[in-house]
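Peer 1: Protein chains in written order, with our numbering: chain V, 17 to 266; chain P, 17 to 266.
Among the clues, some could well be false.
Any copy will do: because identical chains look the same in the list, a pair fits if it lies in one copy or spans two.
[What the hints assert, rightly or not] Computed cross-link-like contacts, BS3-like style, restricted to lysine-lysine with a CA-CA straight-line distance of at most 30 Å: (1) Lys84 to Lys261; (2) Lys248 to Lys202; (3) Lys202 to Lys261; (4) Lys261 to Lys241; (5) Lys261 to Lys248; (6) Lys159 to Lys261; (7) Lys202 to Lys249; (8) Lys241 to Lys84.
Keep in mind that the hints were calculated from the coordinates and are not lab data.
Only a predicted model underlies this, so the values are computations on that prediction, with no experimental measurement involved.
Protein chains: 2
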Amino acid sequence: MTYCVGMWLDDGLVFMSDTRTNAGVDNIATARKLFTFENTGERFITILTAGNLATTQTVISMLEERTKAPAERSPSIMEAPSMFQVARIIGQTLREVIADTPDTGQRGESPFDATLIVGGQIAGDPPRLFLIYPEGNFIEAGKGTPYFQIGETKYGRPILVRAYEPEMSFEAAVKLLLVSFDSTIKANLSVGPPLDMQLYETNSCTQGLSQRIDADNEYLQTISKGWGSALKKAFESLPDVTLNKQNDTA
Amino acid sequence: MTYCVGMWLDDGLVFMSDTRTNAGVDNIATARKLFTFENTGERFITILTAGNLATTQTVISMLEERTKAPAERSPSIMEAPSMFQVARIIGQTLREVIADTPDTGQRGESPFDATLIVGGQIAGDPPRLFLIYPEGNFIEAGKGTPYFQIGETKYGRPILVRAYEPEMSFEAAVKLLLVSFDSTIKANLSVGPPLDMQLYETNSCTQGLSQRIDADNEYLQTISKGWGSALKKAFESLPDVTLNKQNDTA
Chain V
17 MTYCVGMWLD DGLVFMSDTR TNAGVDNIAT ARKLFTFENT GERFITILTA
67 GNLATTQTVI SMLEERTKAP AERSPSIMEA PSMFQVARII GQTLREVIAD
117 TPDTGQRGES PFDATLIVGG QIAGDPPRLF LIYPEGNFIE AGKGTPYFQI
167 GETKYGRPIL VRAYEPEMSF EAAVKLLLVS FDSTIKANLS VGPPLDMQLY
217 ETNSCTQGLS QRIDADNEYL QTISKGWGSA LKKAFESLPD VTLNKQNDTA
Chain P
17 MTYCVGMWLD DGLVFMSDTR TNAGVDNIAT ARKLFTFENT GERFITILTA
67 GNLATTQTVI SMLEERTKAP AERSPSIMEA PSMFQVARII GQTLREVIAD
117 TPDTGQRGES PFDATLIVGG QIAGDPPRLF LIYPEGNFIE AGKGTPYFQI
167 GETKYGRPIL VRAYEPEMSF EAAVKLLLVS FDSTIKANLS VGPPLDMQLY
217 ETNSCTQGLS QRIDADNEYL QTISKGWGSA LKKAFESLPD VTLNKQNDTA
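In isolation and in its complexed conformation, chain V is listed as follows (with noise of 0.2 Å):
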């Protein structure tokens, strides 16, 4: 399994993934999920994996035009005109690897499948945030859905749904993301740190702040543990139930 967010904000892009990576829960491994793609001041593209590895890394591969020499390599997502085409290109590009693994054909619904958060901006047009299905298809966030997840999504939603707001900082959402991907790592063995994160300013084109936070960093061990005994003051702070001794009869 794997956590990937990408969350739009007024401000502009905020990424975060882990990194785990298992086939079996005794066989695991550390591997990047988080990828960027820049021509500093026109574009700068961020690709979330979930999914089957060989195939994501495949897929990376590809859009890096890694079959290629490395002087000829200029990857046609750093010069399509606009983030949809970006994601088109992306969503071609998944699809035609899964298409490829050698015997079967075997196609989005198998276990070669993956599923991607794309996001970014090109000079002259607004951020934008894709999710690509397995079949290369893909959705795009907007007021009503601002953020995407993609692998183990569940634990970790409550509490972006309670606290995500469009105009929080970077400072805040990351925070709000630590929340949400400790959460996770509590609870499946298949996600854990160390988390990558990707901040993108809204018309920078460029990089934003990019870090990898391990499992000892001390603000991810005070969110951890401040997050624990926060949760069980929210939970004493409601109200308490008057059970009526009187029973239904139902």
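Since the structure of chain V is already known, use the hints to place chain P on it.
Peer 2: Below, chain P without anything else, positioned relative to chain V:
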């Protein structure tokens, strides 16, 4: 989907279930998923059901021995000498019902599968709580795993993990379950009110408080509204992250 929780406390057992049943999102209905069997002062058994409704309703009917004329019914779970034996009988019944589906002999991993929580006490033995798998085998709750969830378990799990304590009162446990159910109902359309609640006091061997909590129940409303703002306050109480402005060289 469904959401049910059976919880072991120092004071006894608490059970809660939703009542939504659906075949697609455009075909929903209300069905009871919490069933009780009692021989006052001698034994009290509660069963929670998740999965295929035809399967679970048939299991309950079989346990009630509705294949017999009313006068001849003496359900064997009412005569079993121990809760372990009760769980075995229920598991066996579940396995038979799933295997009985007319043409293809579907088994556990089929669309006819179901998962059950069984808890209760027979005089002389301590209270017991079991989780029964579609294959008919089962596990028992203990100090390490003092509660079981079935159905849509993920959204409501983080608060259970953080706030559950075996010494909590029935009142606190009901509050905790309502928070957990509210988080799930907010996230998954296939889980919905009214909720059924059943309390059981250790060594009473008698039905405790039993209630149906409707969507417009005043306390459920209070919890639902209060939890949103309590969570936000908890989130705000965490220290802010200081984003240093240095990128990693990753």
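Peer 1: Which numbered conditions among the earlier hints are violated in the structure presented, ordered from lowest to highest?
Peer 2: 1, 8
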